[in-house]
Amino acid sequence: MDVVKEVLAKHQKELDKYKPITVEKHLECRLDVGSLLITDPNDFDDRELRDNKEEYLTALTRENTQLLVNAIWELPTERVDESIVAKLPEPTTVLPRLRKPPGPRPLTKWEKFAKEKGISKKKKDKKTYDETMDKWVPTYGFKRAEAEKAKDWVLEVPQNADPNTDMFQKKIDLRNEKVAKNEIQRMKNIVRAKKIDMPRSGYLGPEAASSSQLLTAVTVAKSSTASVGKFQNKLPKEKEARGLGIKELIPGGKRKQSHITQTPEKEANLDLIKSVLNKKPKLDVSKAVSMEKRDNRLAREAEAENEPGKKGGKKPKGKGSRKAVGKKSKGNRGQRAPGKKAQAGRKRR
Amino acid sequence: MKRLSDERAKILFEHLSKYIGTNVKHLIDRPDGTYCFREHKDRVYYVSERILKLSECFGYKQLVCVGTCFGKFSKTNKLKFHITALYYLAPYAQYKVWVKPSFEQQFLYGNHIPKTGLGRITENAGQYQGVVVYSMNDLPLGFGVLARSTTDCKTADPMTTVCFHQSDIGEYIRAEDTLF
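In order, the protein sequence lines correspond to chains P and C.
Counting with full-length UniProt numbering, you get residues 1 to 349 for the letters of the first sequence.
Counting with full-length UniProt numbering, you get residues 1 to 180 for the letters of the second sequence.
Errors might be hidden in some of the hints.
Unchecked claim - Straight-line C-alpha distance at most 20 angstroms; calculated PhoX-like pairs for lysine-lysine: (1) C/K53 - P/K266; (2) C/K154 - P/K287; (3) P/K149 - P/K127; (4) P/K247 - C/K75; (5) C/K25 - P/K274.
FYI, nobody ran anything at the bench for these hints, they're computed from the structure.
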């Protein structure tokens, strides 16, 4: 009997070592096995918490953890390499995020344009067949430059170029320029994506500025007087700068004009018309000739009508004018005038 | 609707004077009220001031058009007249071209006028003179620019173009959506 007792006591001792796996809870706990989370809605036992806080909290935690482990064991398990594995379901608890999730990458200017126009990128082959070299040549990357050098070992100097220009250096320069341009465009794309207001470049000087930039600079400078350029003289063919964002640069340009003005528009328009119509007309030679011809014809017709005696009246009385053209030969009817002395000078035969 | 800038007003009047010469004055100086030119989305409109005042209560985006559209400014600041301007150009036209009845339809489909299609022409018109094109029974059909002066027309081959087509009343159907 002692043996039985002893065994039982030993078993009891062993059982005491392990706490029970069943847990009694007043309210059911919320479980989210997917994110290995358990939430206990039950109230704390006030007295326990006050008397032996540590022990109570440890016990409570153990119980709750036990519940979670129980739930995990309910999942279908499988054995992988001597360890038991359970696949967790999708987490149901929504966890808040510290930062907002990153959006899609902003498109570059070209990508935006291509999307609008429906242009899709064509993938180039890694190698292309070069007919002059009669072999496959890499289109980009490793050994491309070498292949190009082998292909373009001689370069033609165009006829209109200076014969001493280094075409190889020119080629390198062109490439460097392209790289630099691409870099600037990359920067611009970044600026555009970050929506930073970049300051305007302003007047770049006579060498660097484009014609439109020069025009803008002139327009801005002219309107930068106290009277916003109202009394500035204009050159005869001067143009005003136009385009996006130029109006903002011009002082006084933003001011909106009223639809109906105090100064009568009619008068202003009539003045403008007068200046347009009074422009000195260009001398149009062909028009002048045609007008002259017409006047002559009209004059002749009028003259013909005044002389009813002649038939048709169309024959011009042009004998006088014909004389000026050249002397007609006498046609064997001329007078020889033998008495007249021959012309002095060399004897003509 | 905004007022034409000085530059654009000048372009407009120069362009008008190509077709109607000194008669441009009559468009502004009218006995039946004040008329003026206004610009809206690069188009030039010819409006009486009375209607313009009424149009003021509409915003830029709500307004489609007011008055008669005369033409449109291109991005390079060049003016092109629309056929809708014909109603005002035809009565004042100084240089005219009449097309033969057999060529009327051809012209209304947007073809240039060859010498064979030419019925009559005003005397004294120079090359590149803006003209109004009429049918033989004096119905205005459109306008164009002379490719050859009147005197050159007489000596030209029958198939050479005499007048370049610019606009015709067929556009009321063909270019309905871009006209006004």
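Right, here's what the structure says about each hint:
1. C/K53 - P/K266: 16 angstroms, holds
2. C/K154 - P/K287: Holds. C/K154 to P/K287 sits at ~14 angstroms (cutoff 20 angstroms).
3. P/K149 - P/K127: Holds, at roughly 16 angstroms.
4. P/K247 - C/K75: 16 angstroms, holds
5. C/K25 - P/K274: This hinted pair holds, its Cα atoms lying about 8 angstroms apart.
Consistency note: the structure conflicts with none of the earlier hints.
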